[in-house]
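> Quick note, the sequences are listed as chains A and H, same order.
Under our numbering, the residues of the first sequence are numbered 1 to 236, in order.
Under our numbering, the residues of the second sequence are numbered 237 to 489, in order.
In short, the hints are calculated from the structure, not lab data.
Check the hints yourself; a few may be wrong.
Derived BS3-like pairs: lysine-lysine, alpha-carbon spacing no greater than 25 Å straight-line [what the hints assert, rightly or not]:
id, chain 1, residue 1, chain 2, residue 2
1, H, K283, H, K383
2, H, K462, A, K107
3, A, K108, H, K347
4, H, K328, A, K108
5, H, K328, H, K383
6, H, K252, A, K107
7, H, K383, A, K108
8, H, K328, A, K106
9, H, K383, H, K252
10, H, K252, A, K108
11, H, K347, A, K107
12, H, K347, A, K106
13, A, K106, H, K252
14, H, K383, A, K106
15, H, K328, A, K107
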Amino acid sequence: MSTVVVHPIHRAVRFYEAPIGKKAVMAATGVILVGYVFAHLLGNLQIYSSDAQQINRYAAFLHNPANAVALWAARSALLAAVVLHIVAATQLWLQNRAARPQGYVKKKDVPASYAARTMVWSGPIVAAFIVFHIMHLTMGSVLPVRDIGLNPNTPDVRWNVIAGFQNPAVAGFYIFAMILLCMHLYHGIWSLFQSLGVNHPRYTPWIQKASAALAILVAVGNCSIPIAVLSGLLTY
Amino acid sequence: MRITLHIWRQENAAAKGRMVRYEVPNVNEHMSFLEMLDVLNEELIAKGEEPVAFDHDCREGICGMCGAMVNGVAHGPLAATTLCQLHMRHFKDGDTLYIEPWRARAFPVVKDLVVDRSAFDRLIAAGGFIGVSTGSAPDGNAVLVPKEKADLAMDAAACIGCGACVAMCPNASASLFMGAKIAHLGLLPQGDAERDQRVVAMVAQANAELFGSCTNMAECEAVCPKGIKIEVIARMNRDFLGAKWSGRGTAKE
């Protein structure tokens, strides 16, 4: 069989048609989203700086009109990654459900972790949280937020975060979502290696341990902020 | 031993099945699971009832014919064991066991515990073969294979096609079966030539058979009677991505 020259769009459609193609899309978008989660974590942890204005300066840097093109490019890429990740996951989920129309009277899950079995729940709940989170702290449409000097490009992030987390419901939802994100990453990070064809008896156990460690790091790092606010350790 | 069984009874493919309770009061711990079902069937026949239909052939764990879900685990609770090699000494007097057929859209129930696994045959026909001259067998050791590759190919070739991987998979995916064939053939020089077209054709066939897809839960690995690892699924993914990247292995449309 000689190589057949196929139109690139046709090739992309054929690739995506296969479940392995969809999983590769989920893995690639997963890498982008995991990268963002860590960048976001590093941003968040600046709230602990001894310089109270550190996190606000970081926000002002991101919102600087000179960086607007880069900011919107990053936002567009993230939105595209989220949409592709969700669309591929939904299509696979529907196909997988249809693959077993009649279930078992009794079914055990031998090695599959709770995190692995609940990806289809942790994913949508985290997605709903992200919408809430953007409405809360980026758009300011949930709770009052304030800017420094009435300039929308210099938000008072420190005040917005601390005032927001003093509301136990907001802090509770945040912590709940971070625990689910932790579970999602616990299975998701190592899983993306497997989906892209990386599995080796020598390295996979380490990839799985690193995946768990990174997932816990994200949850502990992010959850520490509402906990510090609620316990009065972090005040404005 | 006295064992209580709840067995899926279904007259034929079109009938609606149900779980039926049976008592087997005289189970010997040295019986295999299938011999225990034989004893139940003898009693059912003596009473004039329809015996429980189940697939079996070699009864020594190498043919891949037998298999059922026992208390929600394919081939029962003992790891790396087919149902015929599972002995009743692994259960306790008074145990209650739920016995169900493999469940997958691609594996329709024929009767009771018997399912139609010809979807596996069509996967093999799609790509699970190598091109060789028929006739006399080639000389042994004419084509040299490094020991490590030969071992890995042999590990994958241990697959007996029983379907436990599909049955146990939460998504009814045939990925472990396909990965086993792709690793078994692709690791050897004789099968390397068709690697691209093999993976493209088998993945397309699995989609057409309405198998689910892999979500990396490793349930298949846990119940595989031959201990095949999900490493072979990663190999399939790798071969697939490589074939799609190069554009080779795809038939002209």
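> Now look at each hint and say whether the structure bears it out.
Right, here's what the structure says about each hint:
no., hint, in the structure
1, H:K283 with H:K383, "violated (57 Å)"
2, H:K462 with A:K107, "holds (21 Å)"
3, A:K108 with H:K347, "holds (23 Å)"
4, H:K328 with A:K108, "holds (19 Å)"
5, H:K328 with H:K383, "violated (44 Å)"
6, H:K252 with A:K107, "holds (20 Å)"
7, H:K383 with A:K108, "violated (38 Å)"
8, H:K328 with A:K106, "holds (19 Å)"
9, H:K383 with H:K252, "violated (51 Å)"
10, H:K252 with A:K108, "holds (24 Å)"
11, H:K347 with A:K107, "holds (20 Å)"
12, H:K347 with A:K106, "holds (19 Å)"
13, A:K106 with H:K252, "holds (18 Å)"
14, H:K383 with A:K106, "violated (43 Å)"
15, H:K328 with A:K107, "holds (20 Å)"
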